[in-house]
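**Q** These protein sequences, in sequence, are chains X, E and F.
FYI, in my numbering the residues of the first sequence are 1 to 667.
FYI, in my numbering the residues of the second sequence are 1001 to 1222.
FYI, in my numbering the residues of the third sequence are 2001 to 2248.
To be clear, the hints were calculated from the coordinates, so they are not data collected in a lab.
A virtual CB, placed ideally from N, CA and C, is assigned to each residue, including glycine.
Careful, some of the hints might be misleading.
[Claimed, not checked] Rough simulated footprint, nothing fancy, chain E against chain F, three-plus residues with beta-carbon under 8 angstroms:
| no. | segment |
| --- | --- |
| 1 | 2072-2078 |
| 2 | 2100-2106 |
| 3 | 2163-2173 |
| 4 | 2208-2215 |
| 5 | 2224-2232 |
One letter stands for each residue in the lines below.
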Amino acid sequence: MGSLDSKIPSGPLAEKWTKHKNDIDLVNPANKRNIDILVVGTGLAGGAAAATLAELGYNVKTFCYQDSPRRAHSIAAQGGINASKNYQGDGDSDYRLFYDTVKGGDYRSREANVYRLAEVSGNIIDQCVAQGVPFAREYGGLLDNRSFGGVLVSRTFYAKGQTGQQLLLGAYAAMNRQINRGKIKSYNRHEMLDIVLIDGKARGIIARNLVTGEIERHSGHAVVLATGGYGNVFFLSTNAMGSNVTAAWRAHRRGAYFANPCYTQIHPTCIPVSGDHQSKLTLMSESLRNDGRIWVPKRLEDAQSIREGKLAPTELSEDERDYFLERRYPAFGNLVPRDVASRAAKERCDAGFGVNKTGEAVYLDFAAAIQRYGKEKALTSGLKNPDNTTIKQLGEEVIESKYGNLFQMYEKIVDQNPYKTPMMIYPAVHYTMGGLWVDYNLQTTIEGCYAAGEVNFSDHGANRLGASALMQGLADGYFVLPYTIGDYLSDDIRTGPIPTDGPEFEATEKEVLDRIDKLMQSNGTHSVDYYHKKLGKIMWNKCGMSRNAEDLKSAISEIAALRKDFWENVKIPGEAGQFNQELEKAGRVADFLELGELFAKDALHRNESCGGHFREEYQTKEGEALRDDENFKYVAAWEFKGAPSEAIMHKEDLVFENIKLKTRSYK
Amino acid sequence: MGALIKSSILRKVVMALSGFFLVLFLALHVTINFVSVFSPDLFNELSHFMGYNPFVQFLMQPILILGVILHFVLGIGLEIQNSKARTVNYVKYKGSANAPWVSRNMIISGLVILAFLGLHFYDFWIHEITFKYVEANLEDPTRYYEETVQKFIPMWRTAIYVIAFFLLGMHLWHGFSSSLQSMGWNNKYTASVKAFTKLYALIVPAGFIIIALYHHFNHLSQ
Amino acid sequence: MNLTLKIWRQDNPETKGKMVVYPMSNVEGDMSFLEMLDVLNEDLINKGEEPVAFDHDCREGICGTCSLMINGEPHGPDRLITTCQLHMRKFNDGDTIVIEPFRATAFPIIKDLVVDRTAFERIQQAGGYISVNTSGNTVDANAIPIEKEKADEAMDAATCIGCGACVAACKNASAMLFTSAKVSQFALLPQGRVEATDRVLNMVRQMDLEGFGNCTNTGACEVECPKGISLENIARMNREYMSAIVKG
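Could you put the whole structure together from the sequences, leaning on the hints where they help?
**A** Shown next, in the form of structure tokens:
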């Protein structure tokens, strides 16, 4: 096992970033014109990075598999974006945001990166407002904030329930400005299929034009990967259908270490699976837990009757219900962090208390909130002795004003009225904290290959707090990467354009073509989705919300067997040289089938429970996660050695100088 | 400037302005015509004024004609351009689900009205021009009422007029409020203004229809 | 539920397409429309036929990738949703469902139900931004208070997902609702006023160049828009445009 140099600048925590910016080399404006950068992925991190790099003067090419950069899955983020602005005057600060993020991540993230994130968070808001992002405002015309996910301050900025969309449109607009100036060339409906290394440095990519099926070579002095997370390894997740690990995995195979793949966030408030046809899961904002109470029936017979449709949830009296989060965590109640809430729901459903057809759902009940708000509203409207119907009606109005769009979405999907009967929810895979290992400069272990946003591992440790993903994507893209990359590129001012006809491009392109040929020729019996669903089932059952050594071992062998079967028996109709969605999926699933195995291997080696990684062997008597700081306070970065089973682990020890390690407790 | 002439919005605004002008003209037209129902003398007087006042004849009349021509030339031009914007049609297109028939078929109501205008010009305008400038007859301030009544004697012509007014109503039903929207006028008053434009689209054509039918049947009963 | 699907099949932009009939059985009401197509495609693949190509990504109504003209309406018969949020319970046993791509000269077909909507990209590139450097050295976010009402209106315009339903629904294939939503978002905010004149002129010019039709105010776009973008935005763009011409 080797160790890794994270290149964290010396000096006090709060001064590291400023000092680093002063110390690193810059590229002069005239020379930037001679440097090409490839940005793969155009979500918040990629879009922001592309816009800023182009603005600084570099020539940028962007690539995305979607038909427009603005369709990247950052667009689906609902709740908001954190920033330590302290506009509410409630004692927020960079340090407090840093502290909450490290603690929320269960002490498995890198201090210096997280502090930098907190430090630039305020700038993000300034920047976005200047770009015309219509954040929610108060009547006084100033920006509004809400509180989010178990922290003690209001620091979340939001734009209705569509914050991700608005921030992405902001970054996309900044990109458009550069496209209009000719500084960015955007390649939409293009998918990166490999990275090209020349003398060990990332110098280009091989991409497939998804419309024509042509394989293209693109060269640059550096390659930025901003391709998001790999939650789709579970088949069912809240990710977009196209979200994939291919770019990251291809880089991994060529030398980029993959860090902490087992850290996955399972979000508690998603709409449950309705049947085998299910293709993806829909998230509902965590903010629902501010007013909804989560419960299952106390008696198994009642749960059974509800599943069979013989009993309605509203027929159960208060003492026939088990508000299990309130019971287990009296201090935080329904507002415990995501991982804790998810596991508790799974525990109840596994014990047979699930409330939908499949037995995998719990109730999220707004009846109490409707009563509470109704009475409050009646009082403030001067109504004396209002009857129950009036209270209910007033309460429903308040709930509608707060969550109207979510309730409407729920009703469209489930066909039940959540004002009248409790919502059903179940946890779903949502975000992956693990990803490509990067140093302080966001450079991977391949020189000249950078990773920004969810695709890297750096800021969220073992669990991400709500409203922090957007913050990280934009911080990396707007304010970190464009500067740190200059340090590397300052050596490249005399390199000149990278030719695409060298032997390295030749060889890599051939490998890509061979792989496509192999996929097309297998002409087997099963569709790509068949394998993807099978992989998803293994992942969910054995590497999901809670894991144990035995299951993980069998997952490893099952995934390896499934991968073998896939390569022998997958069936892809059509031709490679044309628009072919099955071929696109096949390439992605092939990579998931390798990643899945590494995922399980990583989870198996980590003999502790932390954040999103819960090992059944490592829990307290009360069923809470048991972290092992003595033996596992490190980042596990895996090096590819020909197959996932051969991967070698490198450790980056995590040093906490500014924060004291504690057991997370929400009791 | 060339780009401006091609600009879709500018064309739309000109379309709207000319339409709006024609809407106002219709109010004047129906008012004067209605006088014929109860006062032939006043009708003659007003018609004579309109026919010989130089301001009306040499300023307003050319503007009106220009407005009509602009409106239909642009309208047909827009229709051609619009049909090019979708060269392959849907196998199934459910336009009724999201817009009323009249809004989707302005070209039909417009072309019917245009055809009617041919007859209407032949009936009255050509007649006037011939009377005044070709034959250079002397002024006769009392001829208008009788001439108008004569026109509505044949059943076929009355029927054509009634049908055309019906289509005019449809055209106005969409066109009046649409012209306001095109000119950028959409705010908190829009709902009530829209209601007014619909009422207008009912009343004005109804007025014309009543006049035509009145003269037709009034003559029969004499 | 048993259904008959009539789907537009077209190999590539050059070839002629045609409607092909597919009987579907055992469709469940809880399926989304796209999941129903997934099931069809799975069958087609198993039979060795090419699956139906259609655009989709987030499947939660926000990315704007999915399209489809379903029984003559973009995103199908339900309101304020995208195709991915349409559920089969909106249909009845025995129904025939006609599925076509969004049709417009400016949206050429790539394959089957997939169309090329990059015309929208070019409209936005022509001016759909505020020229501010992403240096982070802008003024503090709270330095310019913005009336809540204006901010909310800007937000309403900004919720456009660029799916193209407005173009598909419009009998003229006009892109006015889309363009006006983008113009309005910036026109309503003080940050966007600085470049308002050039922005509206450039974006409208690009919109015209792309070959979209003209707006005849039928209002179909507003009805079919999955995000409920208002016609007021078109009126606002018309105003902005005229005042931009006057200012030159």
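**Q** Does each hint hold? Answer for all of them.
**A** Outcome of the hint check:
{"no.": "1", "hint": "2072-2078", "result": "holds (count 3)"}
{"no.": "2", "hint": "2100-2106", "result": "holds (count 5)"}
{"no.": "3", "hint": "2163-2173", "result": "holds (count 4)"}
{"no.": "4", "hint": "2208-2215", "result": "holds (count 6)"}
{"no.": "5", "hint": "2224-2232", "result": "holds (count 3)"}
When held up to the earlier numbered hints, the structure conflicts with none and fits them all.
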